[in-house]
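**Q** Each chain, letter by letter, is given below.
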Amino acid sequence: MPKRTDIQSVLVIGSGPIVIGQAAEFDYSGTQACRVLKAEGLRVILVNSNPATIMTDPEIADATYVEPITPEFVEKIIAKEQPDALLPTLGGQTALNTAISLHENGVLDKYGVELIGANVEAIHKGEDRDLFKEVVEEVRKKIGHGESARSYICHSMDDVLKGVEELGGYPVVVRPSFTMGGAGSGFAHDEEELRRIAGQGLTLSPTTEVLLEESILGWKEYELELMRDKHDNVVVVCSIENFDPMGVHTGDSITVAPAMTLTDREYQVLRDVGIAIIREVGVDTGGCNIQFAVNPEDGRVIVIEMNPRVSRSSALASKATGFPIAKIAAKLAVGYTLDEIPNDITQETPASFEPTLDYVVVKAPRFAFEKFPSADSTLTTTMKSVGEAMAIGRNFTEAFQKALRSLEKKGSQFTFTGEPGDKDELLREAVRPTDGRINAVMQAIRAGATPEEVFEATKIDPWFVDQLFLIKETADELAEAPELTPDLLAEAKRHGFSDQQIGEIRGLREDVVREVRHALGIRPVYKTVDTCAAEFAAKTPYFYSSYDEETEVAPREKPAVIILGSGPNRIGQGIEFDYSCVHASFALRDAGYETVMVNCNPETVSTDYDTSDRLYFEPLTLEDVLEIVHAEQQAGPVAGVIVQLGGQTPLGLSQALKDNGVPVVGTSPEAIHAAEDRGAFGRVLKEAGLPAPKHGTATTFAEAKAIADEIGYPVLVRPSYVLGGRGMEIVYDENRLEAYIAESTEISPSRPVLVDRFLDDAIEIDVDALYDGEELYLGGVMEHIEEAGIHSGDSACALPPITLGGFDIKRLRASTEAIAKGVGVRGLINIQFALAGDILYVLEANPRASRTVPFTSKATAVPLAKAAARVSLGTTIAELRAEGLLPATGDGGELPLDAPISVKEAVMPWSRFRDIHGRGVDTVLGPEMRSTGEVMGIDSVFGTAYAKSQAGAYGPLPTKGRAFISVANRDKRSMIFPARELVAHGFELLATSGTAEVLKRNGIKATVVRKQFEGTGPNGEKTIVQLIHDGEVDLIVNTPYGTGGRLDGYEIRTAAVARSVPCLTTVQALAAAVQGIDALNRGDVGVRSLQEHAEHLTAAREDQ
Amino acid sequence: MTTSTRGAAKVPAVLVLEDGRIFRGRAYGAVGETFGEAVFSTGMTGYQETLTDPSYHRQVVVMTAPHVGNTGVNDEDAESRRIWVSGYVVRDPARVPSSWRSRRTLDEELAAQGVVGISGVDTRALTRHLRERGAMRVGIFSGNALPDEGTMLAEVRQAPEMKGADLSAEVATKEAYVVPAQGEKKFTVAAVDLGIKGMTPYRMAERGIEVHVLPATATVDDVYAVDPDGVFFSNGPGDPATADHAVSVMRGVLERGTPLFGICFGNQILGRALGFGTYKLKYGHRGINQPVQDRTTGKVEVTAHNHGFAVDAPLDKVSDTPFGRAEVSHVCLNDNVVEGLQLLDRPAFSVQYHPEAAAGPHDAAYLFDRFVSLMEGQRA
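First to last, the protein sequences are chains F and Y. With our numbering applied, the first sequence covers 1 to 1104. With our numbering applied, the second sequence covers 1105 to 1484.
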């Protein structure tokens, strides 16, 4: 049965900003879906507030709305576009929840929009704990297998306490209903924990519902990815086994595909149950993910949950098998059946089969606890990782060690030298699942732990434990052998040891090991991911390395460009870099090159086998990249390797690649050094006559103190060579400076600490620009809303700048050009400036694609990353202008006056983290980046654009109600006007006594509320924190006081996070918010697609 | 933790294909030499079932899944009384099994049953080779003193070929036996054992069928001696073109119009009984992920396969046969190979794949119900 003919247009909802639990995988899925639907001739309308995505590129959909994903805004889009259908299963929980709201409030009915891919009943059955339990019971009746954990549904704290008794006591699992990524769930071992977790869960759940469950901690955990078509054909795409047993969220577990420790009988039980569930739930077409727990003692199978939509696991399964779940889900949604869809990879066989793997896939999570030092790092059923790396090998050990080195984090690889430590201590440490638990396990094994002891401590399956022993024994053989024989070296490589690890064990330098290895002819081969274990010939070059016999890399004629991706998502290096890599691939393919992508992040568009001509799913270490370059050089001409687009990861390889004779195109390694090295960059600035804040470098406290004394406090201190402001801090006095130096472990003579004068009250400006050696193309100028000192990644910004004049732009352009020229950039450069008084300081320059490239590109309707890739390979800006890739005249620095205003807002992960006492972590912004994602608001005026950015990031700004204001002394002056505006808009102001006093003196009425430490008043007056918790405050303005640790503000801000009340922590944000509120109250907030904005902008450019 | 495999892993082994390609690895299971037809199986689970499936008699099975032996060997999952494969090729054998049902390691089991294997070879390269060149004869040689390559190759080329091999009698039971019905007995079925898997009579017994398993040499009279409501022809090894005896017995059954069901080899026998030819596939279907379409309903089932031969019947029309009209009921969507036959005028059908599914998915279990309804229909 072919495609439905009654659907001509479809609305696809994306997943919004990258947050923990909902990341780039939905860009991958959504992009696939949009492309498929468009290829089917449908008009595709997309809404997604996240500018960093490929899916929001104007060519992916017919009408792209970068608007907040709220029922209100989506309704406006529906009213305008009148789509026939809505596909809600590709944008994660956000899309699903929005679709349900639109169904429930009658919007879908009103406009005659059909929900495709999943029906409301199926969504409810899959997601509602009660209903899902019934589904599982029904399945058990039918096929005799599968059951739910014994559980108890609660809607109040009384229910919760009763539930624990019913289940026979602690520990119990608490799971709130309808939250994404398992937000708010956890284990309660006693009543105190229970009250805390369940209390928060009841708040987080949109239906005020939590489920208490019997503990199945330590059981084996599995997932199946299934697909069903409208003829009721069902296939299991992939099985996944969690290395970390039950108790750790699957997103935080090391996971393995296919399942490794099930017999066929047990696997078929899971398959039967899975199929029966997808039928019983009634997922008409599309994919779903089902999670199981299996008791290692007797095989009892418990069905944990299902997601009736595309998920993080389905993206992983797609990458692990070569079976593109989202693409196929989109085709099924418009009427095709599985047997009608060809398997892309074999091209000759249909999609109605189950992929079989002749390799092992390991996914490892990447965490960011270092950014949240107060957060509890214990892994629980709430997801906490910010990204993941996937690796493929011909056996588990190879894939596993590759995955660990793909994480590209200090200490993520196993180390086999030095004293392991005390066995019992290490085993005790291994009991608690954490980031890096696996290393404790390996050290325990080195310290003499037996397999039984390891299993006892961790419940990691004995087969996996033995694999760890195999790795350790191989390391022992390496260490003990009198010489490094070919057999031994080959064996170590087969088990995934890197040259660096072998070097460490043998006391050799990494490059020496590599030289020896190459001399012995031991090199990896590249195998194909083909869905069918070589039963049929694969047409898609999707490769992974293995130390095996036969390589499958085919010769080619056209020159290749190798693009190095950005590896696992992390704070500071996320999807934005993937965006640039993907664009480079598209642009260079169009320009006649064969594009070769290297990356190890399964969530991304770059690792879709459709994106580039060839894909290498490999770690981004020097060794792995050199081998790929070698393999591709054997296959045909290599025009060059691009390191500028994937962020700091590939940039860091630049010099070493060049030293190994690899042609690095674009900005040279020397130029990169000139921008990154303080001394060299200082000389560039000096020659260009540009001021930088006074600074110095220090390797000791004494040196740092001397510098600080000279330039004056506050100073900004940070380690050199970091991304995302890691370890950066504003230091206001000597005591703190001393403590900072003492705490910082990253400081050494070769890695000094940088001490800069901190520019208080400066306006920070970000510039993205292209330079070809002759001409500068100013991509865009972004004015930060927060003042300098807040990491640019965490700061909101506006493009075009809203308070800078023509003179400022002229200065920025001149400075940018001087730096680009002085450094020697060929491609993109991002420069951060601070305008303090009337002096334009240069803060730093990054000679690579920045986080803001996708935002700038969308705000100005110019594909900067594409242009950068072309410039890297020698095309000039003039040629690109002539070709039409860049505007014929003008650039992003001189946008027409009526160009739309775009606002970027950062999204913070506060609600994900708790400290060990279960309290929230503080939400104050600082020089260290902590946001996970961003949204964009775009409109014709700033206020509306800002309001949209807030709605996209945190939910709508309130337009009336109560606003609480409490600001630091230095902010009191700038608070008065916006506060007056709030009152004019009908807000009642609450303030602490100090702030209230200032307001009253300025004739603004404010009610004084009690501070937290004052406690409840004599007449039961609530403190501000109580008021927030009780939902009596609609807007919070709270700027931190100076340097101190946890002041009153901490309680206020964490309460705001818990209750999801908008909380502004800078006065600049308050001023912007007031403009937003003003726009909302005028009621003229409309929606406009990027295509319409671009048309408007192009017309305006031509009129200029 | 046992390290027996680690010790054995040091013993060299060589795999020699009839066309001269050689793979070197390490001994796995028994040490010695063995010959057979090299075939690859793509199942990721179910090695114990695969090893004990009599259809693999005289075949050297290459596992495309790299890790084999992870769940050890248990006392429940074997499909027959012994391992039948003549040799076993894996990449990464498990050192330690993990399963609450495991009783011993696979390595021990292979060694105990004298099955010569090889580990550590590039099984994907080998599979690609077989895919491109077709299934062929192979030898595995292991031990510390191996013959030179020329000698090994000559030995491989002397081994018998699968084409023209009549093997059913070698694997089938010598004595008839009965598998009792579970619960109330509803029907009696005579099952001709051409290499039957244990799960097949079990699936029938589950449905109230008392199964009389008869030797491959059973005659029409032997079949009717048990007064069957239906007759079943099992899977089995070898070239169907040699199975003249089974074909004549099946014709006897078709003439009487007794409900008939065949699986795998049984499907090829039905094909021949109806006058269709059979042919050897280039490299066969062996795996548990094959998409088969039931042409009457259009539905796709994911099925377990193990066949190197297939029936040559027209897909596009109903054929006239000595037993009335016949049609192809199932096809493999990967390559349009005939996967099932049914008579339109008599109660007989067969499938080329394995609805008993051990190992493999249970999607096709409905075929046993179909057999039951044929028998019910005959009674009514």
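Calculated directly from the structure, the hints in this document are not laboratory data. Treat the hints with care, since some could be wrong.
[Said to hold, decoys possible] From the structure, some residues in chain F lie toward chain Y, with a derived Cβ separation under 7 Å:
(1) 207
(2) 208
(3) 264
(4) 267
(5) 339
(6) 340
(7) 342
(8) 352
(9) 466
(10) 705
(11) 916
(12) 917
As the structure is a prediction and not an experimental result, all values here were calculated from the model. Ideal Cβ placement from N, Cα and C applies to all residues, glycine included.
**Q** For every hint, state whether the structure bears it out.
**A** Taking the hints in turn, this is what the structure says about them:
1. Interface restraint check: residue 207(F) against chain Y, minimum CB-CB distance 36 Å, threshold 7 Å, status violated.
2. At a threshold of 7 Å, the smallest CB-CB gap from residue 208(F) to chain Y is about 40 Å, leaving the interface hint violated.
3. Annotation: residue 264(F) was flagged as interfacial toward chain Y, and the flag holds, the nearest CB pair being 3 Å apart, inside 7 Å.
4. Annotation: interface hint on residue 267(F) holds; nearest CB of chain Y at approximately 5 Å, less than 7 Å.
5. Against a cut-off of 7 Å between C-beta atoms, the interface hint on residue 339(F) holds, since the closest Cβ of chain Y lies about 5 Å away.
6. At its closest, the beta carbon of residue 340(F) sits 10 Å from a beta carbon of chain Y; the interface hint therefore is violated under the 7 Å criterion.
7. Given hint, residue 342(F) at the interface with chain Y, is violated; its Cβ is 10 Å from that chain's nearest Cβ, farther than 7 Å.
8. About 4 Å separates the beta-carbon of residue 352(F) from the nearest beta-carbon of chain Y, less than 7 Å, and the hint is met.
9. For the restraint placing residue 466(F) at the interface with chain Y, the shortest Cβ-Cβ distance is roughly 4 Å, inside the 7 Å limit, so the hint holds.
10. For residue 705(F), the suggested interface contact is broken, since its CB lies about 56 Å from the closest CB of chain Y, more than 7 Å.
11. Because the smallest distance between the Cβ of residue 916(F) and any Cβ of chain Y comes to about 34 Å, over 7 Å, the interface hint for this residue is violated.
12. Interface restraint check for residue 917(F): the shortest CB-CB distance to chain Y comes to about 38 Å, outside 7 Å, so the restraint is violated.
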